[in-house]
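Novice: Chains as they are written, first to last, in the working numbering: chain W, 1 to 340; chain L, 1 to 564.
Please keep in mind that the hints were generated in silico from the structure rather than gathered at the bench. Glycine included, C-beta positions come from ideal geometry on N, C-alpha and C. Mixed in with the good hints there might be a few duds.
[Claimed, not checked] Covered by chain W, per the in silico footprint, the following chain L stretches (three or more residues, Cβ under 8 Å):
{"#": "1", "segment": "64-75"}
{"#": "2", "segment": "128-138"}
[Stated by the list, open to error] Partial chain L-side listing against chain W, Cβ under 7 Å, derived:
{"#": "3", "residue": "G79"}
{"#": "4", "residue": "E97"}
{"#": "5", "residue": "R326"}
[Unchecked claim] Partner residues are not named here, just some residues of chain W that face chain L (Cβ under 7 Å, in silico):
{"#": "6", "residue": "R16"}
{"#": "7", "residue": "S193"}
{"#": "8", "residue": "L195"}
{"#": "9", "residue": "M200"}
{"#": "10", "residue": "V202"}
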Amino acid sequence: MFRVLAALVAFTVLARIPVGFDVGFKFDAALAVIWAFGLLSLVLLTGYVGQISLCQATFAGVGAYTAGLMVAGFHADYLVAVVAGVAAAFVLGVIVGIPALRLRGITLAIVTLGIALVFDRYVFQDHAFEWFTGGTAGWRVDQATMFGLQMDSSKHLMAAYIVLLALFCVVALLMVNLHDSGAGRRLRAIRDSELAAATMGVNLTRYKLLAFGMSAAIAGLGGSFYPLVAGSVSPQPFWLFTSLQFAAIAVLMGVRYVPAAALGGVFMAVVPDVLTRFGHGTFMGRAYDISYDWFQIAVGVLLIVQLIALPDGVWGDLRARALHAWSAAGALGGRKVKVA
Amino acid sequence: MTMLRVRDATVRFGGIVALDGISLDLNRGEILGLIGPNGAGKTTLFNCISGVIRPDHGSILFETNDLTYAPPHERARLGIARTFQNLQLWGSMTVEENLMVPMDALGRRNTFSDALYLPFSAYAERASSERARAILHVLDLGRYARTPAGDLPAGIQRRVEIARALAMRPRLLLLDEPAAGLDAQETAHLADLLHAVRERFHVSMLLVDHDMSLVMRVCDFVYVLDFGKLLAHGRPAAIRDDPKVIAAYLGEESKKPAGDVATVATPREGPPLLEVDRLAAGYGGLEVIRDVTLSVRPGEVVACIGANGAGKTTTLRAISGMIHARGGKVTFAGKDVTGSSAERITKLGLVHIPEGRGLFPTISVEDTLRLVSNTAGHEVDPAPAFDLFPKLRQRRRQLVGTLSGGEQQMVALARAILSQPRLVMIDEMSQGLAPTVVRQLFDIVRVFREQGIAVLLVEQFVESALDVADRAYVFEHGTNALSGPAVELRNDRKLVTGSYLGTAVDATAIAANGNGHHIDPALMEILSVRVPAKVKRALEERAENEGRPAGAVVVELLGKVEDQ
Chain W
1 MFRVLAALVA
11 FTVLARIPVG
21 FDVGFKFDAA
31 LAVIWAFGLL
41 SLVLLTGYVG
51 QISLCQATFA
61 GVGAYTAGLM
71 VAGFHADYLV
81 AVVAGVAAAF
91 VLGVIVGIPA
101 LRLRGITLAI
111 VTLGIALVFD
121 RYVFQDHAFE
131 WFTGGTAGWR
141 VDQATMFGLQ
151 MDSSKHLMAA
161 YIVLLALFCV
171 VALLMVNLHD
181 SGAGRRLRAI
191 RDSELAAATM
201 GVNLTRYKLL
211 AFGMSAAIAG
221 LGGSFYPLVA
231 GSVSPQPFWL
241 FTSLQFAAIA
251 VLMGVRYVPA
261 AALGGVFMAV
271 VPDVLTRFGH
281 GTFMGRAYDI
291 SYDWFQIAVG
301 VLLIVQLIAL
311 PDGVWGDLRA
321 RALHAWSAAG
331 ALGGRKVKVA
Chain L
1 MTMLRVRDAT
11 VRFGGIVALD
21 GISLDLNRGE
31 ILGLIGPNGA
41 GKTTLFNCIS
51 GVIRPDHGSI
61 LFETNDLTYA
71 PPHERARLGI
81 ARTFQNLQLW
91 GSMTVEENLM
101 VPMDALGRRN
111 TFSDALYLPF
121 SAYAERASSE
131 RARAILHVLD
141 LGRYARTPAG
151 DLPAGIQRRV
161 EIARALAMRP
171 RLLLLDEPAA
181 GLDAQETAHL
191 ADLLHAVRER
201 FHVSMLLVDH
211 DMSLVMRVCD
221 FVYVLDFGKL
231 LAHGRPAAIR
241 DDPKVIAAYL
251 GEESKKPAGD
261 VATVATPREG
271 PPLLEVDRLA
281 AGYGGLEVIR
291 DVTLSVRPGE
301 VVACIGANGA
311 GKTTTLRAIS
321 GMIHARGGKV
331 TFAGKDVTGS
341 SAERITKLGL
351 VHIPEGRGLF
361 PTISVEDTLR
371 LVSNTAGHEV
381 DPAPAFDLFP
391 KLRQRRRQLV
401 GTLSGGEQQM
411 VALARAILSQ
421 PRLVMIDEMS
431 QGLAPTVVRQ
441 LFDIVRVFRE
451 QGIAVLLVEQ
461 FVESALDVAD
471 RAYVFEHGTN
481 ALSGPAVELR
491 NDRKLVTGSY
501 LGTAVDATAI
511 AANGNGHHID
521 PALMEILSVR
531 VPAKVKRALE
541 ERAENEGRPA
551 GAVVVELLGK
561 VEDQ
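Let the sequences and hints guide you as you build the complete structure.
Specialist: Here you go:
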């Protein structure tokens, strides 16, 4: 019950934040949730099951293009488009999971990197797949309807944001539930020792494929809203580098924790925009220009600092410290506080 | 009533026949032992039965099911559970969660109902949790339920492994070297535990272990493997007296008269080569050793003995610079090396062979030995090492990782001797090795001494260590409590030598260890003081008043008890 309440509070608070801002920031807010879905998919795959993937943006991209195709090509309701996007991502995830049955660690990373590269350079950009990508211009999604209501990306950005946020809260809640449930324990058992998991009755084939499929579906769920938010789909947001950024930021924020995904999503969407908007001007008489490129450098530096100072990720370590302080305070007050 | 039937199981790894047509029967309710020297094929057979590897030929039947090609989770479903030699608990999960995984895995729950926390998932959750608690209670692990399994000491983790296997409600429990890394007293507890488990949970067991005392105490029936073939099978008593088994397991020299003193220590002259003065060290917030004071003279063999966790390994690490000393002083060859880098200490001629040997598995034997740079800094010729270890000459092209444990230890020793050291520190040389191999290795230590190389040994096999050593230090709770010439410690009436293969097992002399020696329980008491806290406090007070180590007080008191 506490979790449901926390999710509701988070939703209510977060839903109001972008209200006072301009369209640019409203777009950032929606984008933050989309990226948060991508990071959440890694919490499941890497944080829970211990599998490495460097193609999560590809899953999001497949979700985005499938949704774009459904709306622009088949004039489907956006809800149907989302379902199709999630399903497509799920199927691709299961396929990518097949090599993961045999591979682990660095080899699995290379294979998923290869998949990201193939989609980035070939599928999303080649003429052969124009039926899927809508060609160089991509799908234009300005006449979408959802629940029969008009959803114009430029006018109804807030509505899209609210729907995304609500979905994120629900999926995040399910993920937290999953962690402490039987299935979650089986997934975590695979992470800690595959050998023991297999001999203790965990069907590795089934759970690894399921993990890849579900993870891809979560990334795809976020991605399938991209056309609605941006008005169109292009390959750029889902290129290889976004996948790498997912991996880096997931580790930075704490890959085992669901709230870290939300934190990472905001970081990924808002910081570059703030940099491009306010990163130039004059300071003490000297002109400076901090562009988006600085964001990449910042992520790299932060990652190094985090791995040394906060090995469990920003969220993970701060949470541990907070719990520690809380239990210390509890002990002072003569109360026993359980630290889970 | 046959439960498990292995017929003609054959496994080849490349050109090597690891298992050669083994057949085995296990009856319901039986505890079956599987023993044999290193490389005999025990683990291979065990892995065939648990489904980690598939036999090239032959069949494995469990009750009415053909298991030969069934994947591991399928065997789990049929009621076969196992434990692992190299602990495979899910370290980041709590002990309770570790037990709940196999319960859920065999239940009929799915991922989506779990994520939604539907009522029957919640119900199953509570039921699993209750069952887990019940099992933990029986195995006296209740207080660890909420602790992450990875944070527990190895001895407790072994028990958790057994608890986790029981959580599957198995009918057959496969135990892979459950006594590995346990001290004699813990092994004795384990034997009682296994009997209790059979009574309470009605399971049959297949047990693979080096520890003869455990196998002899626990098993109803024993199979002996050697070179992948079945050498003998029968009741423990018969196996124990079987000359074939004794020859295979213990080597040609099967019996050694008790009290035989192989070497009389000649006191070594000259200033100490290594001097350790009130050394303190630890990990993180934990101080593991304090006030360790010891010395090694040139050409002397010194043994450090004591219970698990007494601080022996940490002492070696602090001396060789692998961890930082927090206090005290280490002098080697007249130089103060406290806080020096491990590399510099090695260059001075102090070689440390760590627990686990510190070898590179993917490099060949010959290349490993060539990698040694002597003090002059150029590559060395491995020939002298091959003269010392003819077996290694045969295997010079083989990758180190593919060698047996005993051969790997030989590589580590050969590498040490090639660097022309003045002192070699060897940590747990005989861990996980069969008695024949262990004896060969101890002979090498004698060769070291003959060549004027000093040796500092850390050993679980107290008797063997005392046989070879000139002097010994007894560690207790992070400091060396007792010390003396090895001959005295060995001939002390508290160090009664038993005979091989657990022949002299009686109710109290259970403190046997892996190579079949017995140690008097009184000494075990000193080594791993497990007395009630009240008694311990009184002892410590007395020790402090008299200004002696607690161990010395215990020895005196035990002496008095025995005199009466």
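Novice: Please list, smallest to largest, the hint numbers that this structure does not respect.
Specialist: Hints 2, 3, 5, 6 not satisfied by this model.
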